[in-house]
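There are 2 protein chains.
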Amino acid sequence: MTGAKEIIKEHIAKTVTLTDEQYDYVFSHFKLKSYKKGQAIITAGDQVDCEYFVLDGCLKAFYINDDLKMFILQFAMPTWWASDYNALYSGAKATINVDCITDAEVLCLSSADREKLCSELHQVEYFFRWRTNKGYVAAQKRLLSFMNNDAKHRYEELLKMYPQLYNMVPKSLIAAYLGVSRETLSRLYQREK
Amino acid sequence: MTGAKEIIKEHIAKTVTLTDEQYDYVFSHFKLKSYKKGQAIITAGDQVDCEYFVLDGCLKAFYINDDLKMFILQFAMPTWWASDYNALYSGAKATINVDCITDAEVLCLSSADREKLCSELHQVEYFFRWRTNKGYVAAQKRLLSFMNNDAKHRYEELLKMYPQLYNMVPKSLIAAYLGVSRETLSRLYQREK
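Just so you know, the protein sequences line up as chains H and A, in that order.
Numbering that gives the first Met the number 0 puts the first residue of the first sequence at 0, with every later residue one more than the last.
Numbering that gives the first Met the number 0 puts the first residue of the second sequence at 0, with every later residue one more than the last.
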């Protein structure tokens, strides 16, 4: 994909400054991959070795419970990262699935390469620390709105984080992200108009 | 408190190895503080500048909603960290409260000192990156069990994480952590015996 390096460079540059040579070096550890709409990237039970930076398209990270009900942990739009981080960090088998809501282009970074880059370049370690700090805070906020059973708040947060989502994603998936029924989603959606 | 330096040293050494001089240097940035049972450390609305490493006692991080209902995000036992991380990382005012369930001894680290240490010592940056990685995964697991409405699973996770909790913490607080009523907690508790 044209511009892949520029997209990840711009993303990293929001947190740290690297030289052009350092960007080239960092970028050389990423693998470009293309997926079709509906294609699985991680399936529950897999060994997980990579995390994925989205260049184009939209992924979802989701969990299927024993009753086959789907819960969406995350949508990943361009410049977002996705993986099963529990599996990635611990070496356990995946419990989360990641697949493509649309055709997608991603950059794939292996755990070994992430650790190598963090060890070789202190600024890259800083970048990944702050990326996870932000992810941690976002997960805590989402947890609180689930504890508080506040679907309206979750809906507003979702619109704020992903303003373009309504045109890209079926309403059934948005309901699965919010943890509400399609009917409740329709009520929230009407209120917003 | 005697042994404060040994406790944090042992905690950090699980992730990285520092020299004795580096431990001394890192430790010199922590401030020892003592709190009484019930005392507030962070109150919603505060400016948050520190995170807290528990040496002794038990803290809780909690949110109070508009109906004055309490939701417990986290218990912090010895060697756990607590703060309002959204406020700490973003500079926003606190929305989370942190107070003491028992008398407590903590080590307090300011944001400025954390960033200084991370910048000066690459291994400290590594330590904090992995601490947050683990926190992120724990928050995601907890989120999934809330989405899945699986109080039994949350109860079992809680017992696994904090086996000594039942002797330290009133049942009403455990219910506020699980997001269930006291009656539901009693049922889960009976089943376990």
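Be a bit skeptical, because a hint or two may be false.
Copies of the same chain look alike in the list, so a pair counts if it works inside one copy or between any two.
[What the hints assert, rightly or not] Computed cross-link-like contacts, DSBU-like style, restricted to lysine-lysine with a CA-CA straight-line distance of at most 35 Å:
#, residue 1, residue 2
1, K151, K4
2, K68, K115
3, K170, K115
4, K115, K8
5, K170, K35
6, K32, K140
7, K68, K36
8, K13, K68
9, K4, K68
10, K30, K151
11, K151, K13
12, K8, K68
13, K115, K151
14, K32, K4
15, K159, K35
No wet-lab data here; the hints were simulated from the structure.
As the structure is a computational prediction, the values presented were derived from the model and not from experiment.
Tested hints:
1. K151 to K4: neither (38 Å within a copy, 46 Å between copies)
2. K68 to K115: Classified as neither: same-chain Cα gap 38 Å, cross-chain 46 Å, threshold 35 Å.
3. K170 to K115: neither (41 Å within a copy, 46 Å between copies)
4. K115 to K8: Classified as both; 18 Å inside a copy, 25 Å across copies.
5. K170 to K35: Classified as within: same-chain Cα gap 20 Å, cross-chain 50 Å, threshold 35 Å.
6. K32 to K140: Both ways: K32 and K140 sit 32 Å apart in one copy and 28 Å across, limit 35 Å.
7. K68 to K36: within (21 Å within a copy, 43 Å between copies)
8. K13 to K68: neither (37 Å within a copy, 38 Å between copies)
9. K4 to K68: Neither, since 38 Å and 48 Å both go past 35 Å.
10. K30 to K151: Neither: 39 Å inside a chain and 41 Å across chains, both beyond 35 Å.
11. K151 to K13: within (31 Å within a copy, 42 Å between copies)
12. K8 to K68: So K8 and K68 fail the 35 Å test inside a copy (38 Å) and across (44 Å) alike.
13. K115 to K151: For K115 and K151, neither the intra-copy (42 Å) nor the inter-copy (40 Å) Cα distance is at most 35 Å.
14. K32 to K4: within (13 Å within a copy, 48 Å between copies)
15. K159 to K35: within (27 Å within a copy, 41 Å between copies)
Checked against the numbered hints above, the structure breaks hints 1, 2, 3, 8, 9, 10, 12, 13 and satisfies the rest.
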